[in-house]
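Asks: Fit chain B to the supplied structure of chain A, relying on the hints for placement.
Protein chains: 2
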Amino acid sequence: MPRVSQDHLDTRRRQILAGARSCFARHGYEGATVRRLEEATGLSRGAIFHHFKDKESLFLALAEDDAARMADVVADQGLVQVMRDLLHHEGPSTGVEWLGTRLEVSRRLRTDRDFRERWAQRSEHLTAATKARLKWQRDSGNLRDDVDIDVLAAYLELVLEGLVSHLAMGLPADDLGPVLDLVEESVRR
Amino acid sequence: MPRVSQDHLDTRRRQILAGARSCFARHGYEGATVRRLEEATGLSRGAIFHHFKDKESLFLALAEDDAARMADVVADQGLVQVMRDLLHHEGPSTGVEWLGTRLEVSRRLRTDRDFRERWAQRSEHLTAATKARLKWQRDSGNLRDDVDIDVLAAYLELVLEGLVSHLAMGLPADDLGPVLDLVEESVRR
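Same order as they appear, the protein sequences are chains A and B. Residue numbers for the first sequence follow UniProt numbering, so the first one is 1 and each next one is one higher. Residue numbers for the second sequence follow UniProt numbering, so the first one is 1 and each next one is one higher.
Just chain A, with the same shape it has in the complex (with noise of 0.2 angstroms):
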């Protein structure tokens, strides 16, 4: 029966991505030890190597997951709404714990040089995602049309990637609304 075992092998390997991104978030990644992930996915090290080669592979799968769901909300209500979410912690998966996966890709980008050359293959989803959103808000005539699509998406990254760091430092995001709104409004007709 392969496709039992396919649906179950799926079903193991979202259980374990789960309890990997709350471990991840939580202890960040060089703390997420073997025996902390075995707690947070209720599995022994065995059944989740199975799955993953090594943690390295496990983090890259939760952080290209996360990318594929943002991407997803980025199709549907674009970059801005990402961020909006980010600001009310209701991310595309589970909030807060979203943004964790994301902060230690932005970490492990500035100091792991080898990580950062297999990140960058994988973080195309989200920036194809971003611009065939905008291309559709151009077509639907929404978006303004004196600006070239590769810089509206350039720009609403950086915002994105500010957004990700002001979050990380702890700094006082209750009043960062009227600024999306003004990012929001910089892209439109």
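It should be emphasised that the hints constitute simulated quantities derived from the structure, not laboratory data. Treat the hints with caution; some may be incorrect.
Stated by the list, open to error - Negatives, chain A to chain B, calculated, CB over 12 angstroms: (1) 10; (2) 12; (3) 19; (4) 26; (5) 36; (6) 38; (7) 50; (8) 73; (9) 75; (10) 111; (11) 128; (12) 135; (13) 137; (14) 165; (15) 166.
Stated by the list, open to error - Each computed DMTMM-like pair below joins lysine to aspartate or glutamate, with the alpha-carbon atoms no more than 25 angstroms apart: (16) B:135 to B:124; (17) B:131 to A:185; (18) A:135 to A:54; (19) A:135 to B:175; (20) A:135 to B:174; (21) B:135 to A:184; (22) A:135 to A:148; (23) A:53 to A:112; (24) A:131 to B:184; (25) A:131 to B:175; (26) B:131 to A:174; (27) B:131 to A:181; (28) B:135 to A:174; (29) A:131 to B:174; (30) A:131 to B:181; (31) A:135 to B:184; (32) B:131 to B:85; (33) A:135 to B:185; (34) B:135 to A:65; (35) B:135 to A:181.
Remember, it's a predicted structure, so these values are computed and weren't measured experimentally. No residue lacks a Cβ here, since even glycine has one placed at the ideal position from N, Cα and C.
Replies: Below, chain B alone, put in the same frame as chain A:
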């Protein structure tokens, strides 16, 4: 001759800050050991800590010094110009090294709650300079007048933080000029 003595003290203080700036930029806060600070400044630990109580005080003085210089550029040319300088590695002090200090501040804000509190009082400088500049721009009729100055200042600071983070992650920045044009235009009339 108290005047000469004060000049001497000021010169020595600047010498220490310049050496410490490159040392922190190269090795990070934790990696900037007292021995490395001695090498970078060309002074003994006795001389260094005659001027600054401890490493933490030295770093804070440096960060404050850089923020004050940045505030001067903001007052003269606006925060967008600071971002353009950052893009071209021509900071108000010595370019890349100024970015280094800024990155260390961002990192420690994320990871060190005590530092966060100590820094909060000192970072007012930049916000105050940004707001003063915006107010002047508004009075000159260059600034849009349908959005509160606090919102515009928060917006520019968010983009700056995004840019700092972007550069820290080693992402390509040569295509960000048009993005900064868009940012500048979005606060203007």
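Asks: Against the structure, test the hints numbered earlier, and report the numbers of the ones violated in rising order.
Replies: 10, 14, 15, 18 and 34
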